[in-house]
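Number of protein chains: 2
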Amino acid sequence: MAKDKKPRRPKAVTPKGFRDYFGVDVTERKAMLDTIAEVYHRHGFDPLETSAVETVEALGKFLPDVDRPNAGVFAWQEEDDGDWLALRYDMTAPLARVAAQFRNDLPSPYRRYAMGPVWRNEKPGPGRFRQFYQCDADTVGSASVAADAEICGMLADTLEAVGIPRGDYIVRVNNRKVLNGVLETMGLSDDAARDDVLRTIDKFDKVGADGVRQLLGKGRLDASGAYIDGVGLSDDQAEPVIAFLTSKADTAAQTFENLRAAVGESKVGAEGIAELETIAELLAAQGFGPDRVEIDPSVVRGLGYYTGPVFEAELTFEIKDEKGRPRQFGSVAGGGRYDDLVKRFTGQAVPATGVSIGVDRLLAALRAKGRMGGSEQGPVVVTVMDKTRMADYQAMAAELRAAGIRAEVYLGNPKNFGNQLKYADKRQSPVAVIQGSDEAERGVVQVKDLVLGAKIAQSASLEEWKSQPAQFEVSRADMVARIRAIIEGENDAV
Amino acid sequence: MAKDKKPRRPKAVTPKGFRDYFGVDVTERKAMLDTIAEVYHRHGFDPLETSAVETVEALGKFLPDVDRPNAGVFAWQEEDDGDWLALRYDMTAPLARVAAQFRNDLPSPYRRYAMGPVWRNEKPGPGRFRQFYQCDADTVGSASVAADAEICGMLADTLEAVGIPRGDYIVRVNNRKVLNGVLETMGLSDDAARDDVLRTIDKFDKVGADGVRQLLGKGRLDASGAYIDGVGLSDDQAEPVIAFLTSKADTAAQTFENLRAAVGESKVGAEGIAELETIAELLAAQGFGPDRVEIDPSVVRGLGYYTGPVFEAELTFEIKDEKGRPRQFGSVAGGGRYDDLVKRFTGQAVPATGVSIGVDRLLAALRAKGRMGGSEQGPVVVTVMDKTRMADYQAMAAELRAAGIRAEVYLGNPKNFGNQLKYADKRQSPVAVIQGSDEAERGVVQVKDLVLGAKIAQSASLEEWKSQPAQFEVSRADMVARIRAIIEGENDAV
Numbered sequence: 080m081a082k083d084k085k086p087r088r089p090k091a092v093t094p095k096g097f098r099d100y101f102g103v104d105v106t107e108r109k110a111m112l113d114t115i116a117e118v119y120h121r122h123g124f125d126p127l128e129t130s131a132v133e134t135v136e137a138l139g140k141f142l143p144d145v146d147r148p149n150a151g152v153f154a155w156q157e158e159d160d161g162d163w164l165a166l167r168y169d170m171t172a173p174l175a176r177v178a179a180q181f182r183n184d185l186p187s188p189y190r191r192y193a194m195g196p197v198w199r200n201e202k203p204g205p206g207r208f209r210q211f212y213q214c215d216a217d218t219v220g221s222a223s224v225a226a227d228a229e230i231c232g233m234l235a236d237t238l239e240a241v242g243i244p245r246g247d248y249i250v251r252v253n254n255r256k257v258l259n260g261v262l263e264t265m266g267l268s269d270d271a272a273r274d275d276v277l278r279t280i281d282k283f284d285k286v287g288a289d290g291v292r293q294l295l296g297k298g299r300l301d302a303s304g305a306y307i308d309g310v311g312l313s314d315d316q317a318e319p320v321i322a323f324l325t326s327k328a329d330t331a332a333q334t335f336e337n338l339r340a341a342v343g344e345s346k347v348g349a350e351g352i353a354e355l356e357t358i359a360e361l362l363a364a365q366g367f368g369p370d371r372v373e374i375d376p377s378v379v380r381g382l383g384y385y386t387g388p389v390f391e392a393e394l395t396f397e398i399k400d401e402k403g404r405p406r407q408f409g410s411v412a413g414g415g416r417y418d419d420l421v422k423r424f425t426g427q428a429v430p431a432t433g434v435s436i437g438v439d440r441l442l443a444a445l446r447a448k449g450r451m452g453g454s455e456q457g458p459v460v461v462t463v464m465d466k467t468r469m470a471d472y473q474a475m476a477a478e479l480r481a482a483g484i485r486a487e488v489y490l491g492n493p494k495n496f497g498n499q500l501k502y503a504d505k506r507q508s509p510v511a512v513i514q515g516s517d518e519a520e521r522g523v524v525q526v527k528d529l530v531l532g533a534k535i536a537q538s539a540s541l542e543e544w545k546s547q548p549a550q551f552e553v554s555r556a557d558m559v560a561r562i563r564a565i566i567e568g569e570n571d572a573v
Numbered sequence: 080m081a082k083d084k085k086p087r088r089p090k091a092v093t094p095k096g097f098r099d100y101f102g103v104d105v106t107e108r109k110a111m112l113d114t115i116a117e118v119y120h121r122h123g124f125d126p127l128e129t130s131a132v133e134t135v136e137a138l139g140k141f142l143p144d145v146d147r148p149n150a151g152v153f154a155w156q157e158e159d160d161g162d163w164l165a166l167r168y169d170m171t172a173p174l175a176r177v178a179a180q181f182r183n184d185l186p187s188p189y190r191r192y193a194m195g196p197v198w199r200n201e202k203p204g205p206g207r208f209r210q211f212y213q214c215d216a217d218t219v220g221s222a223s224v225a226a227d228a229e230i231c232g233m234l235a236d237t238l239e240a241v242g243i244p245r246g247d248y249i250v251r252v253n254n255r256k257v258l259n260g261v262l263e264t265m266g267l268s269d270d271a272a273r274d275d276v277l278r279t280i281d282k283f284d285k286v287g288a289d290g291v292r293q294l295l296g297k298g299r300l301d302a303s304g305a306y307i308d309g310v311g312l313s314d315d316q317a318e319p320v321i322a323f324l325t326s327k328a329d330t331a332a333q334t335f336e337n338l339r340a341a342v343g344e345s346k347v348g349a350e351g352i353a354e355l356e357t358i359a360e361l362l363a364a365q366g367f368g369p370d371r372v373e374i375d376p377s378v379v380r381g382l383g384y385y386t387g388p389v390f391e392a393e394l395t396f397e398i399k400d401e402k403g404r405p406r407q408f409g410s411v412a413g414g415g416r417y418d419d420l421v422k423r424f425t426g427q428a429v430p431a432t433g434v435s436i437g438v439d440r441l442l443a444a445l446r447a448k449g450r451m452g453g454s455e456q457g458p459v460v461v462t463v464m465d466k467t468r469m470a471d472y473q474a475m476a477a478e479l480r481a482a483g484i485r486a487e488v489y490l491g492n493p494k495n496f497g498n499q500l501k502y503a504d505k506r507q508s509p510v511a512v513i514q515g516s517d518e519a520e521r522g523v524v525q526v527k528d529l530v531l532g533a534k535i536a537q538s539a540s541l542e543e544w545k546s547q548p549a550q551f552e553v554s555r556a557d558m559v560a561r562i563r564a565i566i567e568g569e570n571d572a573v
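Chains as they are written, first to last, in the working numbering: chain A, 80 to 573; chain B, 80 to 573.
The hints are simulated quantities; they were obtained by calculation from the structure and are not laboratory data.
The hints are all genuine.
Which copy is meant is left open, so a pair is good if it fits within one copy or across any two.
Lysine-lysine pairs mimicking DSBU-like chemistry, simulated, CA-CA at most 35 angstroms apart:
no., residue 1, residue 2
1, Lys505, Lys422
2, Lys505, Lys494
3, Lys402, Lys448
4, Lys448, Lys202
5, Lys422, Lys501
6, Lys505, Lys448
7, Lys327, Lys466
Please take these sequences and the hints and turn them into a complete structure.
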């Protein structure tokens, strides 16, 4: 250590792509997570909290050819044994590891929920962060589509529980097996050709049916003027895919009819449609109508990844984007069935289905609608008029707290009284308590109603100012009761 | 990618030194964190959640001489700019960074609390984990010992709030300045000699006053038979240190008297004693007597690190160690004043004081005392007698949930009914609901009281078995009410 060298001062910065959360941003997210956990728990899901760190091997990111296996994850090498560890990038990979590791101890089916941060080693950008919250529920070990239906219904219940009213969201359900049926009907047996079609379908949200038709055929000129090569299918060949994507009709019965036409004779396709029909029936029996959960074959997100039913929750109300243009808020949760979850570890296929809620997006949605956010009331601030009487001020704060009122004593330099009131304003305190030696002798305190004070300062005439004093004297014995009345009055007025 | 090579199966293991938490272990910790947050919040502390990741530079772990600056932390290098990032190892370093970065926006003083995991890159061992929870409260920007007193009182309140009764804990307070006074009196002006004495004092908990006396002098034969060299002070020189460490008397007044003798003419020593006296006065005024917070100069933990008052919370009850021998539970929280917090970043000294609660240890203590832990009641399990009537079973579960009762439908293969009841047992379900086609036709369900059933199976005579059936038939319409009665009865019986 070069002790005599003067070290450069470190920079005080949040690392790129990471965020700090203050005050109400912390408590609002916590309240949302609590609500979601309660809904999941009531459905029989048990909490699981794995460590933030996994072996890179267990995460499935181990590529033997590369030097640093950290593409997409934050990884580092252990010093003693050279093992690579990494931060989890989602909640599903740790679940797969746990389901394999503890398969003899866990109940089967195993319903679990998990919530917490995940980390992505991606280039940060506007609105793209490298740490964010996920909130997952999964059922491991059930092949029944009743498990999928349960997840969809629970998702709808959860959205309503956190404050999205019915009508402002829709859970949409599709099924990979139906698409497989379509591909079968098309005669695409070649894996590479199927992958091409899957990749193309993924762009349906962006380019629409005509765009997909072009991309499945000869190709397409995109918005930037670049020509995107097509898959090279004939129009006839491409048609079943388009029929599938656009099969949603006014009634579920008609949608199923359209799907049956799209899959033709395919057995897996028929199986997929039957699954969707069962899901719709199960949900209807529990009171989830198509206003909450609907079968919608245009849901393409995750079709490449999942092996059966696929779901997505969308918020359907409009918000204004950063340029003031109205746009749909869009997706806040997604999931589906993935039956190879545990197989990587044990060789044994274990059916599983689950959903992941993007908590940060959901919070943003509620804030955009004004249903959350804004400021939290600060503590009552007991000011310090006389430094030698600190014990009295502390006793006042303790008394307020004992009565359930958030309170603190000003702990900065008390010399400048104006600074104490400025501090109370910055804290968004509802009330400041003032007691000089004169008041102490007379057994009284001054109570300053800061909310009323600010209101009067903004708008009141001189007469109102006089008739509605924002500061008044109360006996020390009445202090707690009077302050409580002020705070309760303000809360009522909100 | 060698696609044709059969990949080795990954091992499903929690990484060394990390843990997974299931069910009640998650909810109990959450409940404790919630309670602690509530106490902190009521004292005017605001939540802060920084990202898990910091720049190594900001953490203060940057050593320009070493290749991998990750001694003690989990660190990795960014690919684009070569910066080193790391997981936070405590909550104080991120607070220092935030206090510097946002110094113009935060109120001053800034009271904040933070809770979450921290990571240590240490050799894991029994009971030593590489990820654990901390729960901190700090006041930044107040030089007043009233801030220290507030933290000590809040710590006592917090311990009681989480379920440690008065008498089972003690918050002990010492002051680094008093020790500085002692060192001054000893005529130790040499930094190296002071460091030697500080390091020796650190062993007071282990070796006691006589051991410290030997270690300050010629040296000492330790328990393993190794000879530990001493600092080389004369007995006369060492005496003030021993006097300081053993100065605690039956009354605070006598303790202060003893301390005054130990620091002699030292100005900083007198200042330290005055601070302790003020802290004792402030706490007494709020009702914190020496049964909850006491001045105790034998607290040595952190004396090397902190710059003023130092506090430690200890649980005073006995538990049995792994060999069944009784021992004191010991420390569950510690903290103190550290006035150089922000200086590293800005060059400007900012006074700060705070405390960190070891949540995992506190949970262990409550479990050791039987005040927490054990099992949580599972959900009501609606069994599946008839696969084609899944929608009816789902509707039953939905109805139970709507009534606030945790419930789920069995989602495994329903063929073997015994497996369904085994599943319900494993889930610790209070009740199983059974409805075959016969019951469905008659509009009834079978309700099986699993708690009562287990009790009867254990101990009942044949007569009791008959008179107290654990399974009975109820009309479908009465199902929810009857199940609620069973669950409430069980909860009352606990």
